[in-house]
Every structure is written in C-alpha cells, then in structure tokens.
Amino acid sequence: MLEYGSATPLFSPLVLVIFIACVAGAAALLQCALAAALIKRTRNGLYCLILQLIVADFVLLSASIGPEIWTTNAKTWDFGKSTCVTFRGLGVFASTASLYLVVTIALHTLATINLEEKVTAQNKRSTIIDDESRSSRHSLVANSDTSTPTRSMNVDYRLSTNTKVPIIHPSLFIWFLSVSLCIPEFALSTTVPLDHDIIVCGLVDSGHRFNIYSMLAIFNFFIPTFIMSIAGILVSSISVIQCKYRNTKPSKMTQHLI
1 MLEYGSATPL FSPLVLVIFI ACVAGAAALL QCALAAALIK RTRNGLYCLI
51 LQLIVADFVL LSASIGPEIW TTNAKTWDFG KSTCVTFRGL GVFASTASLY
101 LVVTIALHTL ATINLEEKVT AQNKRSTIID DESRSSRHSL VANSDTSTPT
151 RSMNVDYRLS TNTKVPIIHP SLFIWFLSVS LCIPEFALST TVPLDHDIIV
201 CGLVDSGHRF NIYSMLAIFN FFIPTFIMSI AGILVSSISV IQCKYRNTKP
251 SKMTQHLI
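Residue numbering for the sequence shown is 1 to 258, as defined by the working numbering.
Possibly wrong hints are sitting among the right ones.
[What the hints assert, rightly or not] Computed cross-link-like contacts, SDA-like style, restricted to lysine to any residue with a CA-CA straight-line distance of at most 20 Å: (1) Lys118 / Ile241; (2) Lys81 / Ile241; (3) Lys75 / Val59; (4) Lys124 / Ala24; (5) Lys81 / Leu203; (6) Lys118 / Pro166; (7) Lys81 / Val192.
Hints in this document: simulated from the structure, not taken from any laboratory.
Predicted model, so just to flag it, every value in this text is computed and none were measured.
Could you build the full structure based on these sequences and the hints that come with them?
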C-alpha cells in the first residue's frame, strides 16, 4: 500500500490522458496486428503461446497500466473501490500469466530445437544406411550371373517427423496458477482514505498482506528466475556441444574416407 504526503499532480490530467491514450492505442494496434498475423498458424504450439501472451498483455495494458500511471501522477486513487479490486486482481492475474508464458515460450523453443535435432540425426542416419544398401545391392547385381536372381533388401526407414511439443497442459497450469494467485487480491483489496483527501488502493490486512506479498515474490520472481537460469545454462551447454561436434565431424569424415 502506497502512502503519499501530498495530492498535488505531477502533470496536467489532460497531458496524462493524451499520453496514456497514445501509448495504449499504439500497443493495442501492434498486438492486434500480431494476433491477426498469427491466428492462422495456431496449429503450431509456439504461435499459440504467443497468442496467449498477447491476450495477457492486452489485459495488463487495459486494466492495470492506465490506472497505475494515473494514480502515480495524481498521488491518490480516483476510481472507486470496485475499480480498485479489479485493478489489483487483474494486475496480478495478467502479470503472472505474462511472466510464465514467457518462461514457457523459452522452454518450448528449447524442447523443439532438441527434438528437431534428434529427428534430423535420425534422418541422416537412415539416408546413409539407405545409400550403403543401394551401393551394395548394385555391386551384387552387377557381379552376379544372369541366371542368379537379384538379391535385394527392403528396409522400412519411416521415422517420426512430428516435432510438435504439446502445450495444453502447460497452458492450463499457467492460467490456473494466475487465477489462484489473484484470488487474494480480489478478496482483500479495498480503498483506504488517508489525510489530505488522499485515497489509497491496496490490501488492508497487514498480516495477510505479508503472506500474499511473500507468495507473489516466490511465484513471480524466484521460481521464474530459477527456471530461466536453468534454461540459459542448458542453451549454453547445447551451443558448446554443437560447436565441438561441428569441429570434430570433418576429422571423423576424413578418417572414414582413408
């Protein structure tokens, strides 16, 4: 809960309204354009996650950013108790969803790259085996007598080329977690009048306030930071392994030819 010593606005309300309208309008147009470009590609899991991130950002922009800027400038809450409850609840809901969707996009990209590399390696191995079998069959047919039936081998090299990583369960978990974390804000948020006609929008119960802020710090800071750190370490490790593999591959090919 923020307490202000003076209710004197920093900027003129008209200037602030124009600024908020311009920023919010430009952001909304960009998000709508991005959503229109991706809506036909929702079969891809990554694009579906980005669309969800657009929705969460739009909720955060429309329900939280404007009142936050206005209140910071006016140094008092001017929108009533109901709007205060909606403002704080949707703020936690949208920020949590946006944060975990970004984490999920990073992990989804990492998993997709890993899966595609496995499929590519399988396809390369199958191509090498197929070429060797064809060369061996050609040699046997060329050297055999015409009365001898052609010896050949039919091998099924069908491999799974589905590189889609499922996103249904992560998405359900993200939205369920977002709803769970915002329930205390909807239940306990209210407006509190202070001196000098200042009204504050926040949590009244100090005991629950500490527990809620601690929970938000754990779920919205420490856990995402830990996950992104692990993802960064994995990306760095994969990059190093790929560099070593590319450096050693030519020497192995040369030994094989010799």
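Item checked: Holds or violated: Lys118 to Ile241, with C-alpha atoms at most 20 Å apart -> 14 Å, holds
Next item on the list: Sort out whether Val59 lies within 20 Å of Lys75, counting only the CA atoms.
Entry: Violated, at about 24 Å.
Check: Holds or violated: Lys118 with Pro166, Cα cutoff 20 Å?
Finding: 17 Å, holds
Margin query: Against the 20 Å threshold, does the CA-CA distance of Lys81 and Leu203 hold or violate the hint?
Written below: Holds, at roughly 12 Å.
Check: Between Lys124 and Ala24, is the straight-line Cα distance small enough, at 20 Å or below?
Finding: 50 Å, violated
Note to self: Can you confirm whether the C-alpha distance between Lys81 and Val192 stays at or below 20 Å?
What the structure shows: 9 Å, holds
Next item on the list: Verify the proposed pairing of Lys81 with Ile241, using a straight-line Cα cut of 20 Å.
Entry: With a Cα-Cα distance of about 56 Å, the restraint between Lys81 and Ile241 is violated, given a limit of 20 Å.
Of the numbered hints stated above, those contradicted by the structure are hints 2, 3 and 4, listed in ascending order.
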